[in-house]
Amino acid sequence: MLHTFVAYVEDLPGVLTRVASLFRRLNININSLTVGRSERVGLSRLTLVCEASSEAGNRIRASLFKLENVVDVDDIAKDPAVTRELALIKVAATPSNRSQIFDLVEVFRARIVDLTSESLMIEMTGVESKIEGLIEVLREDEGRILEICRSGKMTMRRGRHISSVLKAMGAAPDEVAEPDADAAETVEEIIPTEPE
Amino acid sequence: MGTIDQTLAANAHLITPTRLTGAEIVWATLVGEGVKDVFGYPGGAILPVYDALRKFPIHHVLVRHEQGASHMADGYARASGKVGVAIATSGPGATNLVTGVATAMLDSIPIVCITGNVSSKILGTDAFQEVDITGITLPVTKHNFLVNRAEDIAPAIRSAFQIAVSGRPGPVLVDITKDAQQGTAIFDFAAAKPRPYRPHPMLRVEDSGLAQAAELIRNAKRPIILAGHGVSESGAMEQVRTLAERAQIPVALTLLGLGNFPASHPLNMGMMGMHGEAWVNHAIQEADLLIACGMRFDDRVTGSTSTYSLKSKKIHIEVDPAEVNKNIKIDVALIGDLREVLEQLLPRVSSRDGADWIKTIETSKGAVAVRDIKNLPDSGHLYAAHVIHDIWRITGGNAIVVTDVGQHQMWEAQYFHHEHPRSLITSGGLGTMGFALPAAIGAKFACPGKEVWVVAGDGGFQMTAAELSTIVQEAIKINIAIINNGFLGMVRQWQQFFYESNYEATPLVSPDFVKLADAHGIAGRAVHTRAEVVDAVAEARSAPGTFLLNFLVEKEESVYPMIPAGSALHEMIRRPVKDPLVESPDDK
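Listed in order, the protein sequences are those of chains A and B. If you count by the numbering used here, then the first sequence holds residues 590 to 785, one letter each, in order. If you count by the numbering used here, then the second sequence holds residues 60 to 647, one letter each, in order.
Since the hints were made in silico from the structure, they are not lab data. Positions of the beta carbon are idealized from the N, C-alpha and C atoms, including for glycine. Hints are not guaranteed to be accurate.
No more than 25 Å apart at the CA atoms, straight line, and that leaves these computed lysine-lysine pairs for BS3-like [claimed, not checked]: (1) B:K114 - B:K95; (2) A:K756 - A:K655; (3) A:K655 - B:K141; (4) A:K655 - B:K252; (5) A:K655 - B:K388; (6) B:K388 - A:K667.
Pair ranges (Cβ atoms, derived) [unchecked claim]: (7) A:R747 - B:E265: 22 to 32 Å; (8) B:K388 - A:E640: 20 to 30 Å; (9) A:R626 - B:N457: 58 to 68 Å; (10) A:E640 - B:P198: 17 to 27 Å.
Chain A with its partners taken away, still in its complex shape (with noise of 0.2 Å):
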């Protein structure tokens, strides 16, 4: 199955070779991986997709966790969340055949963010089935694309939801205190499940 680490990593230097390490370790291939800044000072927040099956997955989640650099981690495939990717693509334009991308890019709900007169910059966020789709009627065209950079799924779970272990260490610095909202709260219990 498919598995969506989230975890909160010291930032610091070494740390993503130790994180990476354990799956090369068990031969597993990173499918995405997206590391930057969280809502906590010198916690980094990765999200980090991979294919192993869900026995392995509750011992990936426990060996992450014994990594000493490794603050958080929760395995949110099977949970409600928000899962996006960025993907900036280049592609061959003249001004002759720019109409038909722009086109494109308006059913696609993508932006153009850079026009030259042989070429032009697509952004476009959303989920992975929607960037390839983009890709692949750019793809039609031979020779059309001359680039793609794309991000790497980043994912929140939906709702108000607190790790217990984020919990524990109370609230970011600059998280601001909400009101006693009755918004469906999950507060993530961790429970080692067995294999199914």
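Based on these hints, arrange chain B on the given structure of chain A.
Structure of chain B alone, referenced to chain A:
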């Protein structure tokens, strides 16, 4: 060790923040962590640290190869329960440590390795003796640090000690660049204290789990406790014993669990697994409940996992969540420190009658007891089993035995009956040949008052025999028993069983070990017959210094019983009937 002046000065540094060089901070921090002995080998990139040693009350043991340093630190940690420390220089010094680091990793042993590295300005330039040791050791350490500023040394070393001993213990490496050693910083021991230990977030012991476990124990007809290394790591010997005695549950031990439940205890069945007692493995296959305490269902313990103990429910009490449901599917997982979990579980366990099941197991020992090793007539042959059994009898089982890896290791496990935790020191997970001699030196430094025996094969002994010089330089007393059969015996046994006796690369020419010892200034004696064994062991024990016994044993003897790798636990290769030696002793 160390003079009073050194001690006073070092203690003063711990209380009053002082400006020191990075090299001095290394030692000052080690003093603060309670370190008395370190095992190491100097070199260019660690020289500032060695230069500063004279100011500190720490005894440095000069090894002959850095692998020896990491094994000594390991032996020190296994014998004492405290952190062992190894020091090496950059490049080859650091890479030579790696086998010992991996050995400690696989057996969850807390050691801290400190390596020098080239100056931070030339890191990554392939400078002389530069190697990426934090990269190399990443998969075989719990954690490692690359430190390139003097002010980061104390916090890194203090964190290393905390990480090494916390949760599931393991090795930590701190790599310090030369300029960090030469630079200065304010040494503030208290301020360098690591952040509070963060328990693994997946630790989980619930009331419902405890209730389920208690219910399973109450209703079990054929329960077995599987006790592993975690019992001593957690200090849960009493709790395991209470559980076994109260609920009358027989106990089977892993190799690293030997000693964690007294061998003489009526509920102790013996060792499980590949070379475990036949009745233990049969009992595990027949059991209806396994209570796994601080063990990880290693493949040497389970045989084929698809046929492992299919009739039983499994309770797993384990500190590492990544071990639960890894090899064997668990019914009730109690993930936490073994002693704490058992203390919560025990009030829910009441006494029960286990007589029928115990009697069934006792009966299954059957004919073996009749062929008791000590009742066998002297056939004129010398068997390793006799040698080890005699060492056990003569020492009263009170020695620390440090084994190498191979046949002699399994015979030690079968014929030396360990009563106390930390009395058997052996490389179980990694199976590192060459482990015994250096690990025994470490164990002797940890327990100077204890009798220490090395039991090694002729193959493994030669891998680290250079450490004989270390023994002489340090003037320590260890007794060395070489089980010399002229073969790499365990490999030969596999070749016999599984490769049509094609003895490729296993016959072994060795030096005269007694002369080798003599060249080092160590006394020794060769033993050819069973009649000489008792006297030879006594001579070694009474000798003032280290003594080497070269036991020239039967060449093509095999360890029985044996589960071929990947076979079911009950599919054991048994000793051929015509073979004179017993299969397993029952020497109560």
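Here's how the hints hold up against the structure:
Annotation: proposed proximity of B:K114 to B:K95 holds, straight-line Cα distance about 14 Å (limit 25 Å). Taken as a hint, the A:K756 and A:K655 pair is honoured in the structure, with Cα atoms around 19 Å apart against an allowance of 25 Å. Taking the CA atoms of A:K655 and B:K141, the gap is near 21 Å; set against the 25 Å cutoff, the hint holds. Taken as a hint, the A:K655 and B:K252 pair is honoured in the structure, with Cα atoms around 21 Å apart against an allowance of 25 Å.
For the hint pairing A:K655 with B:K388, the CA-to-CA distance comes to about 21 Å; that is within 25 Å, so the pair holds. Straight-line distance between C-alpha atoms of B:K388 and A:K667 comes to about 22 Å, which keeps the hinted pair within the 25 Å bound. In this structure the hint that A:R747 and B:E265 lie 22 to 32 Å apart at CB holds, the actual value being about 28 Å. In this structure the supplied range 20 to 30 Å holds for B:K388 paired with A:E640, their Cβ-Cβ distance being about 22 Å.
Range check, A:R626 to B:N457: Cβ separation about 59 Å, and the 58 to 68 Å hint holds. A C-beta distance of roughly 22 Å is found between A:E640 and B:P198, which places it inside the suggested range of 17 to 27 Å.
No hint from the list above goes unmet by this structure.
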